Amino acid sequence: MTPAIRPRLLSRLEVGGGLLVAVALLAVPLVAAPFQTITVCYGLVFAIAALGFNLLLGYTGLLSFGHSAYFGVGAYVTAELVKYLGWTSMEAYVVAGIVASALVAALFGIVCVRYTRIFFGILTLALSQVLWSLALKLFWVTGGSDGLRVPTPTLLFGTLAPTKDKMDFLAYHYYYYVLVLFAAAVAVMWLIVHSPFGKALQAIRDNETRAEFVGVQVRKYRWIAFVVSGAFTGLAGTLWVPLNGLTTPDILYWQFSGRIVFFVVLGGFRTFWGPIVGALAYNYLETYAVGFTVYWQLVLGLVLVLLVLTLPQGLAGAVEALSRRLRGAPAVA
Amino acid sequence: MDTLLSQILNSLFYASILFLIACGLSLVYGVMRIVNMAHGNLYAFGAYVAAWTVGLVAGRLPDVNPVVLFVLLLAGALAAGAAGAVLEPTLLRPLYKRAEEYQLLMTFGLLLVLEDVMRLLWGPHPLTASVVSDALPSVSLLGLTYPGYNLFVIVIGGVAALALWAFVYRTRFGVMLRATSQDMRMASALGINVKRVYVQAFTIGCLMAGLGGAVVMPISGAVLGMGVDALVLAFVVVVIGGLGSLEGALVGALIVGFVRTLGIMYFAEVELAVLYLIAAIVLFVRPAGLFARA
Numbered sequence: 001m002t003p004a005i006r007p008r009l010l011s012r013l014e015v016g017g018g019l020l021v022a023v024a025l026l027a028v029p030l031v032a033a034p035f036q037t038i039t040v041c042y043g044l045v046f047a048i049a050a051l052g053f054n055l056l057l058g059y060t061g062l063l064s065f066g067h068s069a070y071f072g073v074g075a076y077v078t079a080e081l082v083k084y085l086g087w088t089s090m091e092a093y094v095v096a097g098i099v100a101s102a103l104v105a106a107l108f109g110i111v112c113v114r115y116t117r118i119f120f121g122i123l124t125l126a127l128s129q130v131l132w133s134l135a136l137k138l139f140w141v142t143g144g145s146d147g148l149r150v151p152t153p154t155l156l157f158g159t160l161a162p163t164k165d166k167m168d169f170l171a172y173h174y175y176y177y178v179l180v181l182f183a184a185a186v187a188v189m190w191l192i193v194h195s196p197f198g199k200a201l202q203a204i205r206d207n208e209t210r211a212e213f214v215g216v217q218v219r220k221y222r223w224i225a226f227v228v229s230g231a232f233t234g235l236a237g238t239l240w241v242p243l244n245g246l247t248t249p250d251i252l253y254w255q256f257s258g259r260i261v262f263f264v265v266l267g268g269f270r271t272f273w274g275p276i277v278g279a280l281a282y283n284y285l286e287t288y289a290v291g292f293t294v295y296w297q298l299v300l301g302l303v304l305v306l307l308v309l310t311l312p313q314g315l316a317g318a319v320e321a322l323s324r325r326l327r328g329a330p331a332v333a
Numbered sequence: 334m335d336t337l338l339s340q341i342l343n344s345l346f347y348a349s350i351l352f353l354i355a356c357g358l359s360l361v362y363g364v365m366r367i368v369n370m371a372h373g374n375l376y377a378f379g380a381y382v383a384a385w386t387v388g389l390v391a392g393r394l395p396d397v398n399p400v401v402l403f404v405l406l407l408a409g410a411l412a413a414g415a416a417g418a419v420l421e422p423t424l425l426r427p428l429y430k431r432a433e434e435y436q437l438l439m440t441f442g443l444l445l446v447l448e449d450v451m452r453l454l455w456g457p458h459p460l461t462a463s464v465v466s467d468a469l470p471s472v473s474l475l476g477l478t479y480p481g482y483n484l485f486v487i488v489i490g491g492v493a494a495l496a497l498w499a500f501v502y503r504t505r506f507g508v509m510l511r512a513t514s515q516d517m518r519m520a521s522a523l524g525i526n527v528k529r530v531y532v533q534a535f536t537i538g539c540l541m542a543g544l545g546g547a548v549v550m551p552i553s554g555a556v557l558g559m560g561v562d563a564l565v566l567a568f569v570v571v572v573i574g575g576l577g578s579l580e581g582a583l584v585g586a587l588i589v590g591f592v593r594t595l596g597i598m599y600f601a602e603v604e605l606a607v608l609y610l611i612a613a614i615v616l617f618v619r620p621a622g623l624f625a626r627a
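These protein sequences, in sequence, are chains A and B.
This note's numbering applies: residue 1 is where the first sequence begins, and numbers increase by one.
This note's numbering applies: residue 334 is where the second sequence begins, and numbers increase by one.
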């Protein structure tokens with residue numbers, strides 16, 4: 001009797017690599033300076049946003065130019081809870097951020113998922129710009145271009161209050177807090193894309209007509225993917241605010257959406273891990289490019305142009321192709 | 334009555350500039366099926382080159398004939414057109430066979446690069462050349478005094494719209510352009526050099542954007558970030574009018590021009606939000622815009 005071949009959920013390479021990365025991420029606050037740790041923390045937050053974004057681009061085939069909207073909703077909801085209700089609990093922020101961004105995504109999604117390709121992109125961009133202009137102009141609610149301050153919150157249902165040295169608190173307690181939520185987000189997204197629902201999204205991406213023909217409710221599935229994607233990005237926005245200490249309309253502006261697109265393309269949107277790699281790598285690139293030249297947009301733009309021309313599969317895709325070649329396995333088109 | 338007339342003229346002024354930007358965006362999309370995110374930066378590039386050229390000449394020759402300065406504005410348009418003629422074959426042509434995402438990403442990368450190239454070349458401070466707009470006296474119209482230069486811009490917008498219409502619908506090249514836009518493969522099979530049509534369409538689009546930047550420069554100056562602001566408004570224009578349609582760009586520009594003027598008077602806080610809501614409603618009701626072609 002031959003043993004039944006069960007497809008493994010994770011390959012040996014992924015388990016090994018994942019453990020290595022997990023150990024490295026756990027060790028960061030212990031070995032690195034607070035500034036370095038906070039840089040990694042920003043990277044993890046952006047990686048959550050990139051994961052959410054890639055559910056649309058990589059798995060459903062929809063390129064959104066308006067994901068700043070959900071990131072901004074997550075951030076602004078947190079800031080409004082501080083302003084009007086005086087809440088300080090991070091758990092409350094997280095729940096409110098996820099719920100609010102999912103609601104906004106649900107509303108915007110009703111309009112957006114009717115279209116695909118360029119019209120989807122423009123519509124998402126347009127709706128995010130509406131939120132941006134409201135955040136900018138309704139200054140009595142949102143603080144206008146000055147934005148709103150958000151003090152460092154208490155963690156774990158109020159049991160862990162911020163210490164006197166804010167930097168140390170963010171680089172240690174808050175870092176691990178973000179790391180846990182990041183791990184949870186990765187796990188949830190992994191389950192989503194490997195579930196029957198995730199497979200249906202990929203079917204829609206590859207051939208909409210056939211997907212519809214085998215019984216996939218294309219528009220409904222796209223809408224659900226849109227809402228899930230928005231909720232992930234909203235969670236990232238909520239986690240970002242305490243790091244930054246301030247939320248301004250910049251994070252609702254379309255250039256911030258472009259940045260999320262950039263993370264994912266840099267890492268490679270045809271792989272699960274690519275967006276995470278891209279977000280961490282981009283964050284380093286920006287942190288150092290800004291320090292080293294005022295023309296960092298030029299650097300980023302050139303990197304993007306070169307990536308599109310020479311490395312369309314992104315960093316993760318390039319590594320994958322390289323390892324495949326080293327093992328002598330045939331390339332997959 | 335005076336305010337009404339001046340508001341109408343202001344709206345037409347906005348609409349002229351918006352049309353000059355949006356028609357190129359629409360033309361390029363109609364022919365090549367690419368939405369050029371860097372289009373606004375070519376408009377800004379036109380403004381910068383025009384301001385720089387006019388400033389250079391007016392600085393050296395203080396008593397130069399103003400007509401010369403008006404002609405020099407064309408330098409902005411020509412520079413933007415030349416930039417387009419270089420960018421299309423080098424950066425966009427390799428991508429036509431790839432997924433649409435890559436073309437958007439490429440033009441987004443270009444947007445970032447051009448934004449900083451202008452900062453690198455001309456520094457962070459705005460450039461202006463109000464000598465040009467000061468050269469035209471104010472005009473009395475039905476008891477209203479209105480800046481002559483603004484009327485000049487309105488005329489330029491109208492002339493550009495007519496010229497472009499004649500070019501696309503009344504010339505041999507226009508026929509080739511429309512054939513390529515309808516069916517690129519069939520046009521190619523009939524012996525049209527599609528590559529050349531693409532370069533020409535892209536160049537004309539950039540030229541119009543550069544002209545828009547050059548004529549608006551004497552009034553609002555050449556500033557960093559003007560390209561992105563213009564792009565965002567031009568998107569609204571082409572979404573309302575229908576991507577790929579010149580008539581749509583004209584009607585869209587007029588609608589956006591009038592709504593903006595009304596917005597500044599009555600709802601300044603939510604002016605942009607209202608514009609985007611109009612765009613969203615149009616997309617919802619007529620997904621391909623008011624003047625969509627099948």
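One or more hints might be untrue.
Selected chain B positions facing chain A (Cβ under 10 Å, derived; list incomplete) [said to hold, decoys possible]:
hint, residue
1, V368
2, E434
3, Y435
4, Q436
5, V492
6, A613
7, L623
It is worth saying that the hints were derived from the structure and are not from the lab.
All values derive from a computational prediction rather than experimental measurement.
Note that the Cβ used here is the ideal one computed from N, Cα and C, for glycine as well.
Hints versus structure:
1. Proximity of V368 of chain B to chain A holds as hinted, the smallest CB-CB distance being about 6 Å (cut-off 10 Å).
2. The beta carbon of E434 of chain B comes within 5 Å of a beta carbon in chain A, closer than 10 Å, and the hint placing it at the interface holds.
3. At a threshold of 10 Å, the smallest CB-CB gap from Y435 of chain B to chain A is about 5 Å, leaving the interface hint in force.
4. The criterion of a C-beta within 10 Å of any C-beta in chain A is met by Q436 of chain B, whose closest approach is roughly 9 Å, and the hint holds.
5. Against a cut-off of 10 Å between C-beta atoms, the interface hint on V492 of chain B is violated, since the closest Cβ of chain A lies about 29 Å away.
6. Nearest Cβ of chain A to the Cβ of A613 of chain B: about 6 Å, under the 10 Å cut. The hint holds.
7. Below 10 Å, beta-carbon pairs count as interface contacts, and L623 of chain B has none with chain A, the closest being about 14 Å; its hint is therefore violated.
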